[in-house]
Amino acid sequence: MGTISPESSEQEQAGPVEGGIVQGGRPGFPSWPELIRQMMTESLALESRVSPQAAEQVLDADWPVEVGEYLVGNPEAPVAISTLASPELAQQLLEALGKKAVAIVGKTETENIGIEKVVKNIVSNACIRFLLVCGYDSRELLPGHTIVCLARSGMDASHRVVGSQGRKPVLVNLSQGEVDQFRGQVEVIDLVGCQELGRVVAAAAEAAARSPGQYQGAIRVEKVRRVEASPPGKTSLDPAGFFVIYLDRGRQRVIVEHYENGGRMTVVVEGTEAISIYCTAIEMGLVSRLDHAAYLGRELARAEASLRQGTQYVQDSAPGVEA
1 MGTISPESSE QEQAGPVEGG IVQGGRPGFP SWPELIRQMM TESLALESRV
51 SPQAAEQVLD ADWPVEVGEY LVGNPEAPVA ISTLASPELA QQLLEALGKK
101 AVAIVGKTET ENIGIEKVVK NIVSNACIRF LLVCGYDSRE LLPGHTIVCL
151 ARSGMDASHR VVGSQGRKPV LVNLSQGEVD QFRGQVEVID LVGCQELGRV
201 VAAAAEAAAR SPGQYQGAIR VEKVRRVEAS PPGKTSLDPA GFFVIYLDRG
251 RQRVIVEHYE NGGRMTVVVE GTEAISIYCT AIEMGLVSRL DHAAYLGREL
301 ARAEASLRQG TQYVQDSAPG VEA
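The sequence shown begins at 1 in our numbering and counts up one residue at a time.
It should be emphasised that the hints constitute simulated quantities derived from the structure, not laboratory data.
Some hints here could point you the wrong way.
With a straight-line cut-off of 20 Å between C-alpha atoms, the simulated SDA-like cross-links for lysine to any residue are [unchecked claim]:
| # | residue 1 | residue 2 |
| --- | --- | --- |
| 1 | Lys-99 | Ile-113 |
| 2 | Lys-223 | Val-172 |
| 3 | Lys-234 | Arg-289 |
| 4 | Lys-99 | Trp-63 |
| 5 | Lys-223 | Val-269 |
| 6 | Lys-223 | Arg-289 |
Because the structure is a prediction, the values reported are computed rather than measured.
Can you make the complete structure from the sequences, with help from the hints?
Right, dumping it as structure tokens:
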């Protein structure tokens, strides 16, 4: 759930409908988009036994707040499920329980970043009151064990989960307030190691039946700033020079010629693996700009793939530079 590709919820799929309906309406009557939203809100509240105000909050929220490889069911449902290192269980559980019965389900494969995403997605939705943890638990990272320890004992001042035997159970991206809310908001149902579909479905259904309702006293979740990527502008020449990359098919090598910007060749680096050539170029000081280093890495990866697959390789121009 912490690491999963989002799948649109039914609420999200309603967006285009609003865009395709006339926004106006008769005086004294709600517009069609407003009417549709009102119906959705009342339906969510009825199905989930929460107030219309709570349903409205979830519709307005950008939830889940953490992007990852997960499946979203009904954001108003009280149960979330982590399948740990058994990602195939996620789709099976969503189908067995039905989208209305589970808020979010997906894998959690790491004992730090993965758990941080789980916690943030839960504490940002006050309707979730249970976290069911099931599936195979990695013997080295132990994310399932770490979740159980976090619910039981929290984290210390250094953000380490108390009692966890995982390799690095340190939650540097969570505040103490978020952890405290997580521990107060949800009951963690420990089915770590269980991959039996029927048993997990029964546990989820039993939890949903005794949901206490929306959690009171939620805090504001700390979000990391998101930036929309923009295309590169005009690229400046790297003072360290430029590269010409091609393949030597006969010797099965990637050849990289380095030139000063005046056109004088300084060295030829060759090999069969992009990473070896890239690291050698860095160690020799042949790259001094980050954008040039990124370009070199991309081109070497393309060249290596072409060499292995026997396909044609033609070096691309650097971003912002005309071929």
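Tested hints:
1. Lys-99 <-> Ile-113: violated (26 Å)
2. Lys-223 <-> Val-172: holds (13 Å)
3. Lys-234 <-> Arg-289: holds (14 Å)
4. Lys-99 <-> Trp-63: holds (16 Å)
5. Lys-223 <-> Val-269: violated (44 Å)
6. Lys-223 <-> Arg-289: Not satisfied, since the Cα-Cα distance of roughly 31 Å exceeds 20 Å.
Going through the hint list in order, the structure does not satisfy hints 1, 5 and 6.
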